[in-house]
Amino acid sequence: MGDPITMIARWLESQLLGLGLSPVLVTLILAVLGVILIASFVLVMDIFLVWVERKVVARFQDRLGPNRLGPFGLIQPIADVIKLLIKEDITPAGADKFVYNLAPIIALATVLLLWAVIPLAPDLVGSDINVGVLYIVAIGALATLGVIMAGWASNNKYALLGAFRTVAQMVSYEVPMVIALLVPVLLAGSMGLNAIVEAQTPVWFVVVAPVAALLVLLTGIAELGRAPFDLSEAESEIVAGFHIEYTGMKFGLFYAGELLHALTIGALVSTLFLGGWRGPGVEAIPILGVGYFLIKAFFLYWVIMWVKYSMPRIRIDHMLNFNWKFLTPLSLVLLMVTAILDKLLENGPYWVYVTGMLLANLVIIWAVLQLLRSRARVERVRVAEPRPVAAPPGSPASTTTL
Amino acid sequence: MTGIQLVFIVVAVMTLGAALMAVLTSNMVHAALWLILALFGVAIIFVLLNAGFLAVVQVVIYIGAISIIMIFAIMLTRRLITDIGTQTSSSWPWAALIAVALFGGLAWMLSTWGGFNTTPQLLSPRSDQVVELGQALVSPNAFVIPFEVASVLLLAALIGAIFIAWDRK
Amino acid sequence: MANEWLFIGVFLVLAPIFPILAILIPRLIAPRKPNPLKNQTYECGIETVGDTWIQFRVQYYIFALVFLIFDVEAVFLFPWAAALKQLPLFAVLEGVLFIMILVVGLVYAWRKGALEWV
Numbered sequence: 000m001g002d003p004i005t006m007i008a009r010w011l012e013s014q015l016l017g018l019g020l021s022p023v024l025v026t027l028i029l030a031v032l033g034v035i036l037i038a039s040f041v042l043v044m045d046i047f048l049v050w051v052e053r054k055v056v057a058r059f060q061d062r063l064g065p066n067r068l069g070p071f072g073l074i075q076p077i078a079d080v081i082k083l084l085i086k087e088d089i090t091p092a093g094a095d096k097f098v099y100n101l102a103p104i105i106a107l108a109t110v111l112l113l114w115a116v117i118p119l120a121p122d123l124v125g126s127d128i129n130v131g132v133l134y135i136v137a138i139g140a141l142a143t144l145g146v147i148m149a150g151w152a153s154n155n156k157y158a159l160l161g162a163f164r165t166v167a168q169m170v171s172y173e174v175p176m177v178i179a180l181l182v183p184v185l186l187a188g189s190m191g192l193n194a195i196v197e198a199q200t201p202v203w204f205v206v207v208a209p210v211a212a213l214l215v216l217l218t219g220i221a222e223l224g225r226a227p228f229d230l231s232e233a234e235s236e237i238v239a240g241f242h243i244e245y246t247g248m249k250f251g252l253f254y255a256g257e258l259l260h261a262l263t264i265g266a267l268v269s270t271l272f273l274g275g276w277r278g279p280g281v282e283a284i285p286i287l288g289v290g291y292f293l294i295k296a297f298f299l300y301w302v303i304m305w306v307k308y309s310m311p312r313i314r315i316d317h318m319l320n321f322n323w324k325f326l327t328p329l330s331l332v333l334l335m336v337t338a339i340l341d342k343l344l345e346n347g348p349y350w351v352y353v354t355g356m357l358l359a360n361l362v363i364i365w366a367v368l369q370l371l372r373s374r375a376r377v378e379r380v381r382v383a384e385p386r387p388v389a390a391p392p393g394s395p396a397s398t399t400t401l
Numbered sequence: 000m001t002g003i004q005l006v007f008i009v010v011a012v013m014t015l016g017a018a019l020m021a022v023l024t025s026n027m028v029h030a031a032l033w034l035i036l037a038l039f040g041v042a043i044i045f046v047l048l049n050a051g052f053l054a055v056v057q058v059v060i061y062i063g064a065i066s067i068i069m070i071f072a073i074m075l076t077r078r079l080i081t082d083i084g085t086q087t088s089s090s091w092p093w094a095a096l097i098a099v100a101l102f103g104g105l106a107w108m109l110s111t112w113g114g115f116n117t118t119p120q121l122l123s124p125r126s127d128q129v130v131e132l133g134q135a136l137v138s139p140n141a142f143v144i145p146f147e148v149a150s151v152l153l154l155a156a157l158i159g160a161i162f163i164a165w166d167r168k
Numbered sequence: 000m001a002n003e004w005l006f007i008g009v010f011l012v013l014a015p016i017f018p019i020l021a022i023l024i025p026r027l028i029a030p031r032k033p034n035p036l037k038n039q040t041y042e043c044g045i046e047t048v049g050d051t052w053i054q055f056r057v058q059y060y061i062f063a064l065v066f067l068i069f070d071v072e073a074v075f076l077f078p079w080a081a082a083l084k085q086l087p088l089f090a091v092l093e094g095v096l097f098i099m100i101l102v103v104g105l106v107y108a109w110r111k112g113a114l115e116w117v
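In the order they appear, the protein sequences are chains A, B and C. Just so we're aligned, residue 0 is where the first sequence starts under numbering that gives the first Met the number 0, counting upward by one. Just so we're aligned, residue 0 is where the second sequence starts under numbering that gives the first Met the number 0, counting upward by one. Just so we're aligned, residue 0 is where the third sequence starts under numbering that gives the first Met the number 0, counting upward by one.
A hint or two may mislead.
Unchecked claim - Looking from chain C toward chain A, a few residues come up when the C-beta cut is under 8 Å (computed):
| no. | residue |
| --- | --- |
| 1 | Ala-29 |
| 2 | Lys-32 |
| 3 | Lys-37 |
Just so you know, these hints were derived from the structure itself, not from any lab. Think of the CB as a built atom: it goes at the ideal place given N, C-alpha and C, for glycine as much as any other residue.
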């Protein structure tokens with residue numbers, strides 16, 4: 000039994016073919032309808048995300064959040080959108096008009112494009128291309144382009160500085176992300192996202208490769224430019240970075256794009272590691288898959304928000320050191336260990352495979368924690384050394400003698 | 000004219016136009032953006048030939064990494080962001096003559112090839128194309144030596160680039 | 000050409016429409032009263048002096064370069080990873096060799112100090 004949407008699509012297809020249109024045109028019309036469906040679904044969720052974000056941050060900070068407009072403040076995002084639409088659009092003097100207007104379009108369009116390949120239910124996927132994972136990396140690369148364009152076209156020193164830092168950060172964190180994305184490809188034997196979801200029986204990949212899941216989530220947060228990695232757009236540091244000069248709805252596009260990108264990273268990690276649309280009873284009632292998928296994606300989005308509202312900002316040199324000197328070697332080691340273990344254990348019974356991989360991941364985590372502990376000890380000793388301190392002359396701490 | 004031919008003509012015109020604008024425009028950052036459009040057109044042409052993997056690799060490597068390096072390199076040389084003066088040299092008739100001769104020679108040479116007038120054989124859209132590529136990359140009687148040599152080449156590129164660009168003060 | 004890519008092509012053409020709409024609608028309903036004071040570039044409330052440029056440091060370039068090398072390496076590894084289920088152990092070791100050669104490169108960059116942000 001199929002799910003309602005696929006049945007409607009088949010019915011529509013047969014109707015249009017019956018009208019005598021050529022098959023290519025029918026495919027085109029169905030594709031346009033599918034795109035409109037997915038894009039509307041995603042954009043409605045985007046509006047909902049603004050509300051979720053504000054309510055959740057309020058609860059983390061022990062306050063109520065918006066609760067005046069509509070029940071529980073649900074109308075608040077719509078009011079925000081209306082406000083942004085009627086604000087004046089100020090283009091700074093000397094800005095490169097075409098590129099300035101193109102940047103927010105690219106920022107939102109690239110996030111929308113990601114949803115074309117994410118499987119929502121057993122046969123409800125926009126496009127089941129066999130290179131899904133690499134497609135996602137490609138679209139992420141296009142997003143960095145949008146940032147450079149925004150920073151450069153604004154004719155503003157801080158925008159340019161913020162854009163360079165953001166791109167340096169995004170580009171650096173793509174390396175461990177791409178290498179960690181190789182792990183589910185390896186475990187499933189295919190690069191297509193639907194194939195990866197279908198390969199996650201009977202256990203999800205998060206049990207077999209938890210470190211890889213953590214890596215993709217962490218580097219995903221850094222790619223978004225979200226706290227604690229948001230030095231490049233922090234208001235107290237660089238006055239909003241590359242989108243300083245954007246007002247009104249163009250800024251709204253950047254902001255909404257960022258929230259939607261966060262949900263997309265959550266959806267991606269849930270597809271690759273948490274089983275996507277898998278759940279009890281999905282084979283019988285496929286439309287339940289959408290529900291399971293949304294629950295997992297929103298759960299991960301909540302984890303991303305939790306990290307954002309609990310941790311302080313990381314300095315840029317710490318951020319880049321963390322990436323190149325810790326995450327990249329870790330991801331390479333993880334890939335090699337996973338590949339070797341997968342080949343050695345694949346012929347044995349399945350429970351041996353799962354426990355073997357899980358144990359290897361736990362050993363890696365333990366070794367990493369030991370390494371970090373020893374480095375922390377070294378760092379504590381270094382910081383505890385007495386340093387010259389400014390003191391008024393005549394007091395005991397002063398080193399000048401009067 | 001099939002749908003694929005129509006799409007190909009549109010994409011080819013877009014790619015060639017973008018490449019032309021990349022050399023004619025006087026603003027270097029605009030030139031980089033036109034180049035990105037041309038590279039994107041090449042990726043779409045790969046898709047038309049059923050080589051989906053190569054299309055995404057093109058976007059990831061060329062647009063995601065090499066274009067960013069080019070834009071950074073352009074911005075390292077701040078003063079040259081806007082070229083001044085005319086962009087065309089005065090001996091352009093000679094250049095046009097050589098270009099037309101080259102084009103004519105290549106077109107004549109290709110017309111003697113059997114595949115010139117027939118529609119190309121599309122790669123069959125099996126979903127295990129990437130798996131076959133992977134098997135070919137590591138099998139001893141296929142491409143394993145070039146695979147390992149590629150890694151040595153990348154190592155040489157990394158060491159060379161850092162040696163040249165990094166200036167330990 | 001498979002229908003999958005057609006869908007992505009249609010998405011590529013239609014996806015920018017919503018952001019373009021979001022930019023065009025304010026043009027209709029929002030006020031437009033530009034004056035030189037409003038159009039100044041923002042610099043925390045003070046006047047800007049000189050051209051818009053920043054001291055572009057070579058660190059940005061080095062990071063982009065190292066990223067490029069590792070990106071190409073990852074792209075080589077994708078077909079290898081996808082095919083690994085059907086290959087013998089020897090293929091795994093070949094891939095490990097590929098990765099180790101590039102780890103040498105990473106160690107070189109690390110020791111040279113090219114991965115610092117000073």
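Hints versus structure:
{"no.": "1", "hint": "Ala-29", "result": "holds, 5 Å"}
{"no.": "2", "hint": "Lys-32", "result": "holds, 7 Å"}
{"no.": "3", "hint": "Lys-37", "result": "holds, 5 Å"}
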